[in-house]
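Could you build all of it, start to finish, from the sequences and the hints given here?
Residue numbering for the sequence shown follows the numbering used here, starting at 1 and increasing by one per position.
Simulated from the structure, these hints should not be mistaken for laboratory data. Some clues are possibly wrong.
What the hints assert, rightly or not - Distance condition first, Cα-Cα at most 30 Å in a straight line; then the derived BS3-like pairs of lysine-lysine:
no., residue 1, residue 2
1, K243, K189
2, K141, K129
3, K227, K141
4, K129, K200
5, K264, K252
6, K129, K147
7, K243, K141
8, K248, K205
9, K147, K200
10, K55, K129
11, K205, K141
12, K204, K189
Please read all numbers here as calculations on a predicted model, not as lab measurements.
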Amino acid sequence: MDFMYILLIFAGIIGLVLFYFIFSYLTLWLQALVSGAKVGLINIIFMRFRKVPPKLIVESKIMAVKAGIEIPTDSLESHYLAGGNVSRVIQALIAADKANIELTFNRAVAIDLAGRDVLEAVQMSVNPKVIETPLVAAMAKDGIQLKAISRVTVRANIDRLVGGAGEETILARVGEGIVTTIGSAITHKEVLENPDSISKTVLKKGLDAGTAYEILSIDIADVDVGKNIGAELETDRAEADKKIAQAKAEEKRAMAFAQEQEMKARVQEMRAKVVEAEAQVPLAMAEAFRSGNLGIMDYYRMKNIAADTRMREEIATPESGPEK
Numbered sequence: 001m002d003f004m005y006i007l008l009i010f011a012g013i014i015g016l017v018l019f020y021f022i023f024s025y026l027t028l029w030l031q032a033l034v035s036g037a038k039v040g041l042i043n044i045i046f047m048r049f050r051k052v053p054p055k056l057i058v059e060s061k062i063m064a065v066k067a068g069i070e071i072p073t074d075s076l077e078s079h080y081l082a083g084g085n086v087s088r089v090i091q092a093l094i095a096a097d098k099a100n101i102e103l104t105f106n107r108a109v110a111i112d113l114a115g116r117d118v119l120e121a122v123q124m125s126v127n128p129k130v131i132e133t134p135l136v137a138a139m140a141k142d143g144i145q146l147k148a149i150s151r152v153t154v155r156a157n158i159d160r161l162v163g164g165a166g167e168e169t170i171l172a173r174v175g176e177g178i179v180t181t182i183g184s185a186i187t188h189k190e191v192l193e194n195p196d197s198i199s200k201t202v203l204k205k206g207l208d209a210g211t212a213y214e215i216l217s218i219d220i221a222d223v224d225v226g227k228n229i230g231a232e233l234e235t236d237r238a239e240a241d242k243k244i245a246q247a248k249a250e251e252k253r254a255m256a257f258a259q260e261q262e263m264k265a266r267v268q269e270m271r272a273k274v275v276e277a278e279a280q281v282p283l284a285m286a287e288a289f290r291s292g293n294l295g296i297m298d299y300y301r302m303k304n305i306a307a308d309t310r311m312r313e314e315i316a317t318p319e320s321g322p323e324k
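See below:
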């Protein structure tokens with residue numbers, strides 16, 4: 001009896017679980033049936049074994065059928081297994097259909113699997129987006145720097161969303177066009193007087209080629225005058241020339257100082273030779289005494305002449321003392 005009682009309890013639990021799953025699947029099947037979406041009950045049950053959420057697929061199928069779009073259930077399952085966002089793709093197809101934008105299921109799937117938000121792309125096709133460029137600085141030919149900010153109105157191009165460049169490319173190209181336009185201006189006043197010339201020139205370049213967007217307009221939001229780059233360059237050049245001239249002058253001064261030191265060394269050398277020659281005089285006089293060529297009276301007269309010469313020099317030299 002105990003065994004039968006346990007078996008009945010086990011069978012009841014299994015029955016409740018089966019009833020819950022069958023009831024949930026049956027609910028989805030009835031929901032699809034009354035909505036006009038053809039999804040079989042067996043197909044809904046086997047979605048669980050294929051690791052596909054039946055509720056997501058059935059609700060997406062119902063959403064598409066109600067919007068008048070017929071999409072096979074297998075295609076929805078395949079897109080989910082590929083890692084796509086099924087509900088986002090269905091919403092994008094419905095939005096494109098209501099806005100009379102040609103968008104097939106395969107193209108929407110490709111856009112979604114490429115990592116782009118297909119619903120946002122459709123919304124941007126209907127409602128263009130405004131992208132503001134960062135501050136762009138450029139210098140006119142007169143050396144004055146101008147800083148400009150522009151707003152680019154773009155619309156998503158559905159045909160080029162797969163493989164097309166993004167917003168960063170648009171901003172880079174617009175910034176390059178602004179720099180080119182300002183740089184080709186003769187004076188900065190031309191740009192300040194006609195800022196729309198920047199947008200006209202940039203639009204002519206076809207900057208949206210190869211991108212996922214179509215540029216509708218480029219509007220210059222603000223233009224400010226920056227630094228006088230030309231004057232700063234001239235100042236820097238003059239400062240550099242000044243430093244070069246100072247370096248050359250310092251080089252010449254060093255050469256003159258070296259020559260002066262060389263002449264002083266030569267003077268000292270000549271003085272040494274004079275001292276050496278004067279040192280030979282006593283020796284020559286001693287030799288003259290020994291050989292008899294010089295007598296004592298001759299030596300005495302020579303000393304008197306030397307003393308007389310010193311006295312005359314002292315008399316002739318004025319005193320350098322302080323004035324009274």
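Consistency of the hints with the structure:
1. K243 x K189: violated (35 Å)
2. K141 x K129: Judged against 30 Å, a Cα distance of about 34 Å means the pair is violated.
3. K227 x K141: The hint holds at about 13 Å.
4. K129 x K200: With a Cα-Cα distance of about 20 Å, the restraint between K129 and K200 holds, given a limit of 30 Å.
5. K264 x K252: holds (18 Å)
6. K129 x K147: holds (23 Å)
7. K243 x K141: Holds, because 28 Å separates the two Cα atoms, which is no more than 30 Å.
8. K248 x K205: Status violated; Cα separation ~51 Å.
9. K147 x K200: holds (18 Å)
10. K55 x K129: violated (34 Å)
11. K205 x K141: Cα-Cα ~21 Å, so holds.
12. K204 x K189: holds (22 Å)
Of the numbered hints listed earlier, those contradicted by the structure are 1, 2, 8 and 10.
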